[in-house]
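Chemist: In this text, residue positions in the sequence shown follow our numbering: the first is 98, and each later residue adds one.
Don't take every hint at face value.
Claimed, not checked - Straight-line alpha carbon distances no greater than 25 Å define the calculated DMTMM-like cross-link-like pairs of lysine to aspartate or glutamate that follow:
#, residue 1, residue 2
1, K201, E228
2, K201, D219
3, K117, D219
4, K132, D186
5, K132, D122
6, K117, D153
7, K117, D152
8, K132, D105
9, K201, E160
10, K201, D105
11, K132, E228
12, K201, D186
13, K201, D133
14, K117, E228
Since the hints were derived computationally from the structure, they do not count as laboratory data.
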Amino acid sequence: MSTRPSWDHYFMSIALQVAKRSTCDRAHVGAIVVKDRRILTTGYNGSPAGLPHCDDVGHLLVEGHCVRTLHAEQNAIIQAAYHGVSVQDSAIYVTHQPCLTCAKMIINAGIRRVVYAGQYPDNLARQFLAEAGVSLQQFTLPEG
């Protein structure tokens, strides 16, 4: 009997490691974009490059959300664009369900599958992804 993790388990485990790089103590979120079982790019939530981090200067809250940071999905998609890597027809593994803004970016980037671990209360994001034909699947890592 094989003890190798499934591909979803493998990639979600990596997304959880990426989340540890987050510079926002309100939520540590990680994302990786995968195509044909190969990692294309990673991202975690944090301030734009060269700007102060929440961990250093505090949160900039507007209506209960920290607007100082980019989300993990945004950073992963931006990194791909910055380096000229197409994410069309790929999958994204995220430690939390995407918000509406990230869902719209995922749709327009051509990502076809979203696998997430933790819930995020955004029904519109789920609705938009469904209407665009993007698969949204929750994945729970096995204990141990």
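Chemist: Each hint should be assessed against the structure and marked as holding or not.
Modeler: Do the hints match the structure? See the list:
1. The hinted pair formed by K201 and E228 meets the criterion: a straight-line CA distance of about 11 Å does not exceed 25 Å.
2. With a C-alpha separation of about 12 Å, the suggested pair K201 and D219 falls inside the 25 Å cut-off, and the hint holds.
3. In summary, the hint linking K117 to D219 is supported, as the alpha carbons are separated by about 23 Å, within the 25 Å threshold.
4. This hinted pair checks out: K132 and D186 have alpha carbons roughly 7 Å apart, not beyond 25 Å.
5. For the given pair, K132 sits about 30 Å from D122 by alpha-carbon distance, which is inconsistent with the 25 Å threshold.
6. About 16 Å separates the Cα atoms of K117 and D153, which keeps this hinted pair within 25 Å; it holds.
7. The suggested pairing of K117 with D152 holds, with an alpha-carbon distance near 13 Å, which does not exceed 25 Å.
8. A C-alpha spacing of about 12 Å is found between K132 and D105, which places the hinted pair at or below 25 Å, so the restraint holds.
9. Distance hint between K201 and E160 is fulfilled; the C-alpha atoms sit about 20 Å from each other, no more than 25 Å.
10. Distance hint between K201 and D105 is fulfilled; the C-alpha atoms sit about 23 Å from each other, no more than 25 Å.
11. With a CA separation close to 22 Å, the supplied pair K132 and E228 stays within the 25 Å bound.
12. Using a Cα cut-off of 25 Å, the hinted pair K201 and D186 holds, with the two alpha carbons roughly 15 Å apart.
13. Using a Cα cut-off of 25 Å, the hinted pair K201 and D133 holds, with the two alpha carbons roughly 23 Å apart.
14. Pair hint K117 plus E228 does not hold up; C-alpha atoms about 32 Å apart against a cutoff of 25 Å.
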